[in-house]
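Colleague: Each protein sequence line maps, in turn, to chains Z and B.
Be aware that the first sequence starts at 70, since it is given in this note's numbering, and climbs by one per residue.
Be aware that the second sequence starts at -3, since it is given in this note's numbering, and climbs by one per residue.
Derived by calculation from the structure, the hints in this document are not laboratory data.
Among the hints, a few may not be true.
[As the list claims (entries may be wrong)] The calculated BS3-like cross-link candidates involving lysine-lysine, where the alpha carbons are at most 27 Å apart (straight line), are: (1) Z:Lys442 x Z:Lys352; (2) Z:Lys472 x B:Lys146; (3) Z:Lys382 x B:Lys75; (4) B:Lys87 x B:Lys97; (5) Z:Lys200 x Z:Lys181; (6) B:Lys87 x Z:Lys382; (7) Z:Lys462 x B:Lys87; (8) B:Lys175 x Z:Lys464; (9) Z:Lys442 x Z:Lys71; (10) B:Lys87 x Z:Lys460; (11) Z:Lys436 x Z:Lys89; (12) B:Lys35 x B:Lys97; (13) B:Lys200 x Z:Lys352; (14) B:Lys146 x B:Lys175; (15) B:Lys23 x B:Lys146; (16) Z:Lys352 x B:Lys146; (17) Z:Lys442 x Z:Lys460; (18) Z:Lys382 x B:Lys97; (19) Z:Lys90 x Z:Lys460.
[Unchecked claim] The calculated label-pair distances, taken between Cβ atoms and stated as ranges, are: (20) B:Lys249 x Z:Lys352: 43 to 49 Å; (21) Z:Gly214 x B:Met96: 53 to 59 Å; (22) B:Glu235 x Z:Glu209: 53 to 59 Å; (23) B:Asn193 x Z:Ser496: 53 to 59 Å; (24) B:Val12 x Z:Lys352: 25 to 31 Å; (25) Z:Asn305 x B:Gly265: 41 to 47 Å; (26) B:Leu187 x Z:Thr166: 39 to 45 Å; (27) Z:Asn459 x B:Gly265: 54 to 60 Å.
[As the list claims (entries may be wrong)] Selected chain Z positions facing chain B (Cβ under 10 Å, derived; list incomplete): (28) Ile106; (29) Glu135; (30) Asp251; (31) Leu254; (32) Ser262; (33) Glu263; (34) Leu268; (35) Pro274; (36) Lys304; (37) Glu308; (38) Tyr339; (39) Thr341; (40) Pro379.
Ideal Cβ positions, reconstructed from N, Cα and C, are used throughout, including at glycine.
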Amino acid sequence: MKVLLQNLQIFDPQGIQNEKKDLLLEDGIIVKISDSIPIDSGVEKFDFEGAICSPGFFDMHVHLREPGREDEETVLSGATAAAAGGITEIACMPNTTPTIDNAGMVDFIKQKAKGHLVNVHVIAAATKDRKGEYISPMYELKESGAVGFSDDGVSIKNAFILRKAMEYSKMLELPIIEHCEDESLAGGAMNESEVSTKLGLPPVPSVAEDLIVMRDILMAEYLDASVHIAHISTKNAVEMVRQAKSRGVKVTAEVTPHHFTLTQDSLYSYDTNFKMNPPLRSKEDVAAILEGLKDGTIDVIASDHAPHSPEEKDYEFIYAPNGIIGLETIVGLTLSDLYNKKILSLEKVIEKLVVNPRKILNLPLPKIAEGEKANLSIFNPDLVWTVDANKLKSKSRNTPFDKRIITGKALAAINNGKMFFEDEFISLSA
Amino acid sequence: MPLSSKHLLGLYDTPVEDIRLILDTAKTFREVLERPIKKVPTLQGQTVLNLFFEASTRTKLSFELAEKRLSADVVNFSKSGSSVQKGETFKDTVNNIISMKVDIIVVRHESAGVPQFLTRFTNAKIINAGDGRHEHPTQALLDIYSIEEKIGSVKGKKICIVGDIAHSRVALSNIFALKKLGAEVSVCGPLTMMPVNIEELGVKIYSDINKAIAENDVLNVLRIQLEREAGSSIPDLREYREYFGINAERIEKNNKDILILHPGPINRGVELSSDVADGPYQIILNQVTNGVAVRMAILYLLGTQN
Ligand SMILES: [Zn+2]
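Only chain Z is shown next, with the shape it has when bound in the complex:
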């Protein structure tokens, strides 16, 4: 089957940049790229005037709830939410029930995702059952397809086991991804600040994150191993990563859209959709994050997509679970709040949503060239739209961005011989 994608502004970090082209796909393969491709009969055409096309977006921090909480998200519903968000590849976190800490579990996720437009990569637990007692069977996990290791939800429990995990994964050339939060200071419902004082909510201090970021950086430096800091959220953590990078430490960092768009001031509503971990921080932290995004201290934008059922989000604030969904808003928020506000150029946006996640996880970067398999994201940075939580493809509705007006939208995702466009999957193969 032939499909013609017209008038795309191509941005391929490894190839064509900022040129308007037509793309002809046949059975999901890019067969022709040209200024203007005439329409043959039997070719379905899509006019993308005004839109940009890059290699597919990659969200490296996603919580699918399968197995365990399939009522909140399944591998398939999460993958479809990603496609609807313009994303072609995701990496899912291992904090399911049971934990993804053995080859069978990796295989289970892979099987579930088979045949979907979105490639679902698996990050396996760094320690058995994420308990921080024994390192997970990383060799076997790698062989079964795991692309990194994390105890996300918590930090790797102590420095001793962290060291073992870093050394072992260094041998396998896979990254350790750390949720940085000192356990003894954890457990609060919002960022410790004058706002938590006024709201009377149990606070968690930013230093809880900073301490573990420092520990992890020092350990990575000592072992010459690599570490990826998940959802960085504090000013000090950004500064520590910046300094570590300048010393040559193999540290990378990611930030979520909510940590660069929202602050703790949102908590005045006591709306549990603003409860997440790490919590929303201060204006100063957000400013430092924007600076870190600009100067390259922060490598990646990832959603930390964390579905929760409406029942759970209706719990009293201190009991409600942490986390929000984000697969379907990450691209829009990045375009709206970073690209359109001139914090990041298009090139930098592509770096953080396309290039760096794959670099960190050692995965190949798709090319936009004739003969290549089409793995593409198409988006319009100028399109204004309003988020409607009820229309999201995720099984869950817990987003603080409902009703938010966003400038910039993902239009289509293409991968594995399929295209997601205007709310539906279109098969591109014969």
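Chain Z is fixed; fit chain B with the ligand onto it per the hints.
Modeller: Only chain B with the ligand this time, still in chain Z's reference frame:
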């Protein structure tokens, strides 16, 4: 003149005019409480639900008395612990109860924000009877009423709140209201019991109890939660008593004009020695009486407005 809001969720958002209106109205009800027949028909036909998700004897009793003296129909619901543990959401629990159509809900809960949350799915008027470590507006109002009854307007008065400020809804509501009324507010206690950025609320911090006694007109002394604090914020109760406890000797040495308040129940021999708890400087039992009058005023003002 009506209140500007149909709820009393906290004093942070309550304008000073409303605070004054409540305090003035309370005076009238304080007089009612001195009459041989203490009941007025003001809230006849209205139903008040006391929704207590946290153990409370005094506040609940005080509210119940206030409601009954206003001739309201009173329904009580008490349940401690989280609804979560019972597999039922808070919203379900509450929806069940309020489907009985109540006019006013008095709510206490260990999570901050619950009174505000309730306003989103009921039409009833909500009175916060304490939410987590957030606010306890009726307690602060009765404290202020009691101070003014004794020494006149709090404006310009120096008032210090002593104890575990970080975990105290009484402290926070007092700070918000007293600042609005023009008092000079301070707090005293170990730094481990101070919430971060408390100075930004415009309060001074003392860590020397003798100085706090010497430099203030009023001390509002909070109960030290034995369970919570042993081993975390303070080394032990003995050390707290020795360095932050208030006894007659300290008062006599530093300031014999001091007025002592305590929201109760008192840990005798910890935050207050018995000679102070029963002595001439305190107005603890007046607070209890005034609490009924202040709560009657709030119920009346909210209950009679649309
Ligand atoms: Zn995390």
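Colleague: Please go over all the hints and tell whether each is borne out by the structure.
Modeller: To see whether the hints hold, each was checked on the structure:
1. Z:Lys442 x Z:Lys352: Given that 27 Å is the threshold and the Cα spacing comes to 43 Å, the pair is violated.
2. Z:Lys472 x B:Lys146: violated, 52 Å
3. Z:Lys382 x B:Lys75: holds, 21 Å
4. B:Lys87 x B:Lys97: holds, 15 Å
5. Z:Lys200 x Z:Lys181: holds, 26 Å
6. B:Lys87 x Z:Lys382: holds, 10 Å
7. Z:Lys462 x B:Lys87: With Cα atoms ~25 Å apart, Lys462 of chain Z and Lys87 of chain B stay inside 27 Å; holds.
8. B:Lys175 x Z:Lys464: Measuring from Cα to Cα gives roughly 47 Å; hence the hint is violated.
9. Z:Lys442 x Z:Lys71: holds, 13 Å
10. B:Lys87 x Z:Lys460: Roughly 24 Å between the alpha carbons, so the hint for Lys87 of chain B and Lys460 of chain Z holds.
11. Z:Lys436 x Z:Lys89: At roughly 16 Å apart (the allowed maximum being 27 Å), Lys89 of chain Z and Lys436 of chain Z satisfy the hint.
12. B:Lys35 x B:Lys97: With a Cα-Cα distance of about 24 Å, the restraint between Lys35 of chain B and Lys97 of chain B holds, given a limit of 27 Å.
13. B:Lys200 x Z:Lys352: holds, 25 Å
14. B:Lys146 x B:Lys175: holds, 19 Å
15. B:Lys23 x B:Lys146: holds, 13 Å
16. Z:Lys352 x B:Lys146: Distance ~44 Å between Lys352 of chain Z and Lys146 of chain B Cα, so the pair is violated.
17. Z:Lys442 x Z:Lys460: violated, 30 Å
18. Z:Lys382 x B:Lys97: holds, 25 Å
19. Z:Lys90 x Z:Lys460: Not OK: Lys90 of chain Z and Lys460 of chain Z at ~32 Å, beyond 27 Å, violated.
20. B:Lys249 x Z:Lys352: 43 to 49 Å: Given range 43 to 49 Å: holds, Cβ gap about 46 Å.
21. Z:Gly214 x B:Met96: 53 to 59 Å: holds, 56 Å
22. B:Glu235 x Z:Glu209: 53 to 59 Å: holds, 54 Å
23. B:Asn193 x Z:Ser496: 53 to 59 Å: At 57 Å between Cβs, range holds.
24. B:Val12 x Z:Lys352: 25 to 31 Å: holds, 28 Å
25. Z:Asn305 x B:Gly265: 41 to 47 Å: Hint holds: Cβ distance 43 Å, inside 41 to 47 Å.
26. B:Leu187 x Z:Thr166: 39 to 45 Å: holds, 41 Å
27. Z:Asn459 x B:Gly265: 54 to 60 Å: holds, 59 Å
28. Ile106: Cβ of Ile106 of chain Z sits 54 Å from chain B, so the hint is violated.
29. Glu135: violated, 22 Å
30. Asp251: violated, 16 Å
31. Leu254: violated, 12 Å
32. Ser262: holds, 6 Å
33. Glu263: Holds. Min distance 4 Å.
34. Leu268: Because about 6 Å separates Leu268 of chain Z from the closest Cβ in chain B, which is inside the 10 Å limit, the hint holds.
35. Pro274: holds, 8 Å
36. Lys304: violated, 15 Å
37. Glu308: violated, 20 Å
38. Tyr339: Result: holds, 3 Å to nearest chain B Cβ.
39. Thr341: Hint on Thr341 of chain Z: holds, closest Cβ of chain B at ~9 Å, below 10 Å.
40. Pro379: Interface hint status for Pro379 of chain Z: holds (9 Å vs cutoff 10 Å).
Against the hints set out earlier in the document, violations occur for numbers 1, 2, 8, 16, 17, 19, 28, 29, 30, 31, 36, 37.
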